[in-house]
Amino acid sequence: NSKLVYTLFNGRVEGTSLSRGGGTAIMNDVWDLANQVNRSGFTMPWRLFTNEYWSPTEVKNSIHALKYTKQIDGDTFYDLLVKYDTKDYNTNHGARRDTVSTFLIFGDGEDTWYADEAPNGFFGGPLFSVEGRLAFGGAVSTARDFSHVKTITLKGNYTTQLNNVNQLKFGGELISSGLELKYGSQNEFLPSGNYWSTMDVAPYRLSFYGQDKMEFKGLIAILGLNLDVINPNHAWYEIDVYNDDFYSSNYTSDSEADFEQTNVDPQIELSPRLALSHPITETSKLYFNYGHYQQMPIAESLYRVRRGFSEEVLTIGDPNLPMAKTIAYEIGFDQSFNESYLIRLSAYYKDIADQQNYTRFISANSKVNYSRLTSNSYEDIRGFELELSRNRGRWVTGFVNYEYRVNTSGYFGLGYYYENPADQRNYELNNPKQYKPRPIPRMKSVIDVHTPVDFGPKLLNQGILADWHLNIISKWSAGSWFTYNPNNISGVEYNVQYRNNYNIDLKFSKIFQMGKVNLKIYADLYNAMNVKTFSGYGFEDGFDYNYYMQSLHMNEDISGELGYNYFDGNDMPGDVRKDGTEFVPFEWIFDVTQLSSPSERPIYFDSASDSFVQWTEEEGWAAVNQSLYDDVIANKQYIDMPNLSHYIFLNPRDIFIGINISYDF
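Going by our numbering, the first residue of the sequence shown is number 40, and it counts up by one from there.
Rather than coming from a laboratory, the hints here were simulated on the basis of the structure. Where is the CB? At the ideal position from N, CA and C, for every residue including glycine. There may be inaccurate statements among the hints.
Unchecked claim - Computed cross-link-like contacts, DSSO-like style, restricted to lysine-lysine with a CA-CA straight-line distance of at most 27 Å:
| no. | residue 1 | residue 2 |
| --- | --- | --- |
| 1 | Lys-514 | Lys-546 |
| 2 | Lys-364 | Lys-514 |
| 3 | Lys-364 | Lys-389 |
| 4 | Lys-99 | Lys-252 |
| 5 | Lys-42 | Lys-106 |
| 6 | Lys-109 | Lys-252 |
| 7 | Lys-555 | Lys-497 |
| 8 | Lys-252 | Lys-221 |
| 9 | Lys-497 | Lys-571 |
| 10 | Lys-571 | Lys-555 |
| 11 | Lys-571 | Lys-549 |
Claimed, not checked - For each label pair, taking beta carbons as the anchor points, the in silico distance ranges come out as:
| no. | residue 1 | residue 2 | range |
| --- | --- | --- | --- |
| 12 | Arg-433 | Met-66 | 20 to 26 Å |
| 13 | Val-445 | Asn-527 | 22 to 28 Å |
| 14 | Tyr-332 | Glu-170 | 54 to 60 Å |
| 15 | Met-553 | Lys-389 | 47 to 53 Å |
| 16 | Val-445 | Met-553 | 27 to 33 Å |
| 17 | Leu-143 | Gly-518 | 52 to 58 Å |
| 18 | Asn-90 | Asn-470 | 37 to 43 Å |
| 19 | Leu-105 | Asn-510 | 35 to 41 Å |
| 20 | Ser-638 | Leu-143 | 28 to 34 Å |
| 21 | Val-69 | Val-445 | 38 to 44 Å |
Sequences are here, hints too, so could you generate the full structure?
If you want it as structure tokens, here you go:
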């Protein structure tokens with residue numbers, strides 16, 4: 040028995056580039072836009088109210104694949120795959136603006152006012168609105184990308200059952216890439232900030248694997264070995280890290296041949312794998328997994344030489360870098376009961392070494408100042424999971440999972456290398472090498488409440504009440520920890536935690552079978568409870584962010600070490616002012632009698648009298664009304680909300696109702 044399948048896929052994606060420097064990411068949702076607008080300062084109006092701040096982009100991709108599968112006998116089969124992919128990128132500014140004033144705005148006869156297409160269309164020169172806050176041209180649509188990528192993949196797998204105990208499987212894969220990359224940032228208004236990256240390389244990688252799956256009296260063991268080969272197939276520079284002629288603006292394209300290059304040696308890595316599953320009783324087992332995994336580096340980063348407007352190097356790669364390696368361990372215990380329930384407890388540890396990061400090199404005269412791709416980063420991930428699942432049930436199935444995970448990351452060596460010894464000593468005294476974020480517990484569950492397939496009466500051979508499904512998908516996560524340190528107090532790290540968050544989605548569905556036609560009706564409710572979760576976005580600039588953070592009445596243990604006047608409380612980032620209530624700020628004043636122009640809006644804390652007071656035109660200073668004070672505290676009216684209120688909550692309830700029709704040939 041054999042099968043030959045040919046697959047053809049052609050696609051085109053048009054959108055708005057998420058990058059301002061030629062990156063390939065495209066804006067997909069409101070979160071992407073909110074991230075770009077958040078804390079963007081004076082450019083915020085440009086981003087929101089013009090069509091040209093980001094470049095339009097187009098990606099064309101094509102895939103041709105041929106797969107052959109052969110069943111030799113009942114114990115042996117193999118498959119072969121040949122695939123050819125191409126991707127073409129086109130990121131540029133849109134159509135240029137017609138600057139001829141042809142649009143009549145007002146007037147008649149000789150007393151008229153005409154305007155051009157502004158703000159529509161691309162215009163590279165400086166042009167601003169009357170009040171100066173809105174740019175109609177200049178530093179807009181700066182991303183450029185005219186790259187072409189092609190990839191050829193050859194892959195094969197062979198599987199055979201040798202006997203009742205051993206199943207052998209082995210195979211290999213060859214991936215050969217052609218990267219013709221040309222991308223960067225072009226700012227017609229301020230060309231000194233332009234940069235560009237070009238490369239034409241053809242790396243390839245080769246991998247082989249072999250494994251033996253052994254089963255004996257309930258014991259399952261899988262022994263495997265992977266061989267990974269990566270060949271940059273390219274020469275690279277042998278240059279001192281502070282070489283002025285190559286890294287600084289001294290460089291010219293005519294001098295490129297003067298810099299020594301040597302061929303990069305291929306890397307070869309062996310990765311063992313082991314998986315064991317050992318029964319303890321008829322309803323329980325222990326299992327253990329161990330393996331080495333190689334992460335192929337991003338080719339574009341390895342070969343990049345990004346130069347600025349004056350030909351100085353801004354960023355450079357290094358194809359000599361080793362592949363990142365993960366060593367993973369997992370041990371677990373499974374216990375089933377009542378023939379349909381399973382409890383799973385597992386603990387895991389992952390040690391990730393040689394991750395890509397960037398290291399800065401700065402010469403003594405500062406003419407050389409660039410980032411070099413290095414492999415000095417590491418990460419440790421450890422934690423445990425507890426899961427209760429029900430795989431069989433007449434009315435209810437599903438699972439509930441709890442995970443507790445801790446990450447530690449850092450880097451070996453230094454993040455900055457200064458040629459000047461004094462600068463180097465100062466850097467080493469003030470920069471940590473390891474980051475220890477706090478753990479973030481999380482829970483998730485999927486509960487399928489359904490009617491049995493034989494439930495209720497039938498109408499036209501259809502079980503009207505049978506096989507209806509309600510999927511309840513929920514998740515909860517402790518708030519993430521981050522560092523808030525507006526005054527750069529030494530030793531403050533991961534000191535603030537966002538409010539915990541949760542979400543529930545509901546999915547209803549029912550399938551009616553009519554011969555070979557399946558008719559599915561469904562309704563999906565995302566964020567069914569319409570929970571307003573603080574997005575972390577919506578801040579106009581850094582000042583707006585600090586106004587929000589310092590208006591929170593956080594615990595004294597947090598605020599007390601941050602170097603600003605605070606009010607003690609139990610607030611956490613993510614807390615918001617109650618809808619429909621006015622903003623009533625709390626302000627700490629050393630002596631209110633010294634205020635030259637007090638306002639009637641705030642509640643002042645007068646340090647001199649150790650009391651909360653308010654000021655009115657009629658009565659001057661007086662103790663704050665207790666009822667008002669209590670309402671302000673209860674409604675959190677003192678919180679200075681982000682200015683871009685439309686980005687504060689980005690997960691509204693969404694309801695989708697639909698019909699799906701499929702045909703079984």
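Evaluation of the provided hints:
no.: 1; hint: Lys-514 to Lys-546; verdict: holds, 15 Å
no.: 2; hint: Lys-364 to Lys-514; verdict: violated, 31 Å
no.: 3; hint: Lys-364 to Lys-389; verdict: holds, 10 Å
no.: 4; hint: Lys-99 to Lys-252; verdict: violated, 42 Å
no.: 5; hint: Lys-42 to Lys-106; verdict: holds, 8 Å
no.: 6; hint: Lys-109 to Lys-252; verdict: holds, 21 Å
no.: 7; hint: Lys-555 to Lys-497; verdict: holds, 19 Å
no.: 8; hint: Lys-252 to Lys-221; verdict: violated, 47 Å
no.: 9; hint: Lys-497 to Lys-571; verdict: violated, 43 Å
no.: 10; hint: Lys-571 to Lys-555; verdict: violated, 44 Å
no.: 11; hint: Lys-571 to Lys-549; verdict: violated, 30 Å
no.: 12; hint: Arg-433 to Met-66: 20 to 26 Å; verdict: violated, 46 Å
no.: 13; hint: Val-445 to Asn-527: 22 to 28 Å; verdict: holds, 26 Å
no.: 14; hint: Tyr-332 to Glu-170: 54 to 60 Å; verdict: holds, 56 Å
no.: 15; hint: Met-553 to Lys-389: 47 to 53 Å; verdict: holds, 49 Å
no.: 16; hint: Val-445 to Met-553: 27 to 33 Å; verdict: violated, 53 Å
no.: 17; hint: Leu-143 to Gly-518: 52 to 58 Å; verdict: holds, 56 Å
no.: 18; hint: Asn-90 to Asn-470: 37 to 43 Å; verdict: holds, 42 Å
no.: 19; hint: Leu-105 to Asn-510: 35 to 41 Å; verdict: holds, 38 Å
no.: 20; hint: Ser-638 to Leu-143: 28 to 34 Å; verdict: violated, 47 Å
no.: 21; hint: Val-69 to Val-445: 38 to 44 Å; verdict: violated, 32 Å
Violation of the numbered hints given earlier is confined to hints 2, 4, 8, 9, 10, 11, 12, 16, 20 and 21; the remaining hints are satisfied by the structure.
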